[in-house]
Amino acid sequence: MKQIKQRAWALIFLLCLALSGCGLLPPEEPSYSYSLDEIPAYAGEPYVVLEDNQPDFPEEDQTSASFETYSPLDDLGRCGPAYANVGTDLMPTEERGSIGQVKPTGWHTVRYDCVDGQYLYNRCHLIGYQLTGENANEENLITGTRYMNVEGMLPFENMVADYVTETGNHVLYRVTPVFEGENLLASGVQMEAWSVEDSGEGICFNVYVYNVQPGVEIDYATGDSALAGDTGGGEEGTYILNTSSGKFHLPDCQGVASMKEENKQTYTGSREELIAQGYEPCGQCDP
Amino acid sequence: MILAVCIEDRGGMLFHRRRLSRDRAVAADLLREAGEGRLWISPYSLPLFPEGAAALCPAEDFLERAGPGELCFVEDRPCALWAGKAERLILYRWNRRYPADLYFDIPLESWRLLERTEFPGSSHKLLTKEVYLP
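Chains F and W, in that order, give the protein sequences. Read in order, the letters of the first sequence correspond to residues 6 to 292 in the working numbering. Read in order, the letters of the second sequence correspond to residues 287 to 420 in the working numbering.
Source of the hints: derived by calculation from the structure; they are not laboratory data. Check before you lean on any hint, since a few could be wrong.
Stated by the list, open to error - Restraint ranges, calculated between C-beta atoms of paired labels, are given here:
#1 G321/W - S103/F: 21 to 31 Å
#2 T414/W - G173/F: 38 to 48 Å
#3 P393/W - N58/F: 49 to 59 Å
#4 S396/W - Q106/F: 52 to 62 Å
#5 T414/W - D61/F: 34 to 44 Å
#6 V53/F - D295/W: 19 to 29 Å
To be verified - DMTMM-like, lysine to aspartate or glutamate: derived pairs with alpha carbons at most 20 Å apart:
#7 K371/W - E346/W
#8 K269/F - D257/F
#9 K108/F - D257/F
#10 K415/W - D391/W
#11 K371/W - D387/W
#12 K265/F - D295/W
#13 K269/F - E361/W
#14 K265/F - E395/W
#15 K269/F - D391/W
#16 K371/W - E404/W
#17 K415/W - E404/W
#18 K265/F - E285/F
#19 K371/W - D391/W
#20 K411/W - E337/W
#21 K415/W - E337/W
#22 K415/W - E346/W
#23 K411/W - E171/F
#24 K108/F - D80/F
#25 K411/W - D391/W
#26 K411/W - E285/F
#27 K415/W - E361/W
#28 K269/F - E401/W
#29 K108/F - E56/F
#30 K108/F - E187/F
#31 K411/W - E346/W
#32 K265/F - E404/W
#33 K108/F - E64/F
#34 K411/W - E144/F
#35 K411/W - E395/W
#36 K265/F - E346/W
A virtual CB, placed ideally from N, CA and C, is assigned to each residue, including glycine.
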């Protein structure tokens, strides 16, 4: 659905360009605002799989020629999709430089004790530096929470980077920031990837990563934030925390039996409160 | 048999039926471990190894077929069912995070760490190899 919208916007943009060339319409920048209707609300996992994990890349792009493209910023200064066919020839050969001079939309320098490294927001590369070596490219940087950057996006980038490095193959890779209405802060990003030479056997995913930070409430219109208050509302229950892995379990979960005593902690309270504290629900017992 | 598995920082092995990572240095180490013996693998794992490596024994039912002392490299299935048959466990840690939906499912609490070594990979700065005894 979103891809259809993207293409529709691209067509409108091309039409505007063509017409503006004839002096009929002023040039317009593409706009990328998406409906979030199809995406489930954040429920403790940093990402959710879309469309049975199948990405949709045009057949004409499925070649072994590397490329990278970044969308022009829209009239609100927001990034659009970043798209590449990642090969070893695009990968960086030197350490990343400073990107502090770029201030993506919704940017605030704000710190919370409950955030890993304290800073709520990172300048998030849409296409990770390790893949295409883009440093301070404002068309490739959005304001993203530490949680989205490290827990959500980085693991997928790592998977692609390792695959390309080890095989020398190419991976079609697209990251689309999803802004609701005229919000300055993205609600999340769609990440898609597909390995070309082995037709997706090595790499194939289509996921949505939430731009959230457990324990912090965010105003996506502006990027303003506040420490989450009493998240309340959640039903109280008893859970077993693994203070080492950061997971929480039902008391009768098989994982509890094998947990080291020093990592085990009993907790009575709401599920929502645990998630706000940064704990994730166990994938097996699904508490 | 000796079970060998690669895991990411949270114990993940696979995401949507695809391996999370790969490294030529791990494949080479597995062949070294097998020595003159057999290295049992799933057909899925075959592309990781040099073509024609003598130790390789690919089979869908490789875990059933592996005999005492023989090395089994597991990528694409749960392991807990085979824990009782394992005489030794070799864990290769990627020391990175990847998305996962299949996790290593043998609780290590009941195993004794025999040795831990680190070595550079071809695409990973540092790989950790741990050997456990039941």
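These are the hints, each one checked on the structure:
1. G321/W - S103/F: 21 to 31 Å: The hinted range 21 to 31 Å is violated for G321/W and S103/F, with Cβ atoms some 50 Å apart.
2. T414/W - G173/F: 38 to 48 Å: violated (26 Å)
3. P393/W - N58/F: 49 to 59 Å: 29 Å Cβ-Cβ, so the 49 to 59 Å window is violated.
4. S396/W - Q106/F: 52 to 62 Å: This hint holds: roughly 53 Å between Cβ atoms.
5. T414/W - D61/F: 34 to 44 Å: holds (38 Å)
6. V53/F - D295/W: 19 to 29 Å: holds (21 Å)
7. K371/W - E346/W: holds (18 Å)
8. K269/F - D257/F: holds (13 Å)
9. K108/F - D257/F: Violated: K108/F and D257/F sit about 48 Å apart, past 20 Å.
10. K415/W - D391/W: holds (18 Å)
11. K371/W - D387/W: violated (25 Å)
12. K265/F - D295/W: Judged against 20 Å, a Cα distance of about 17 Å means the pair holds.
13. K269/F - E361/W: Not OK: K269/F and E361/W at ~29 Å, beyond 20 Å, violated.
14. K265/F - E395/W: Answer holds: K265/F to E395/W is near 7 Å, not above 20 Å.
15. K269/F - D391/W: holds (18 Å)
16. K371/W - E404/W: At roughly 27 Å apart (the allowed maximum being 20 Å), E404/W and K371/W break the hint.
17. K415/W - E404/W: It holds: about 6 Å lies between the C-alpha atoms, which stays within 20 Å.
18. K265/F - E285/F: Roughly 18 Å separates the two Cα atoms, so the pair holds.
19. K371/W - D391/W: holds (15 Å)
20. K411/W - E337/W: violated (26 Å)
21. K415/W - E337/W: The given pair, whose Cα atoms are some 24 Å apart, is violated under the 20 Å limit.
22. K415/W - E346/W: Roughly 26 Å separates the two Cα atoms, so the pair is violated.
23. K411/W - E171/F: Holds, at about 13 Å.
24. K108/F - D80/F: holds (15 Å)
25. K411/W - D391/W: violated (26 Å)
26. K411/W - E285/F: Since the Cα atoms of K411/W and E285/F sit roughly 28 Å apart, the hinted pair is violated (cutoff 20 Å).
27. K415/W - E361/W: holds (16 Å)
28. K269/F - E401/W: Not satisfied, since the Cα-Cα distance of roughly 26 Å exceeds 20 Å.
29. K108/F - E56/F: violated (33 Å)
30. K108/F - E187/F: holds (17 Å)
31. K411/W - E346/W: At roughly 32 Å apart (the allowed maximum being 20 Å), E346/W and K411/W break the hint.
32. K265/F - E404/W: Distance of about 24 Å is beyond 20 Å: violated.
33. K108/F - E64/F: violated (35 Å)
34. K411/W - E144/F: Given that 20 Å is the threshold and the Cα spacing comes to 30 Å, the pair is violated.
35. K411/W - E395/W: Since the Cα atoms of K411/W and E395/W sit roughly 28 Å apart, the hinted pair is violated (cutoff 20 Å).
36. K265/F - E346/W: violated (34 Å)
Comparing the model with each earlier hint shows violations of hints 1, 2, 3, 9, 11, 13, 16, 20, 21, 22, 25, 26, 28, 29, 31, 32, 33, 34, 35, 36; every other hint is respected.
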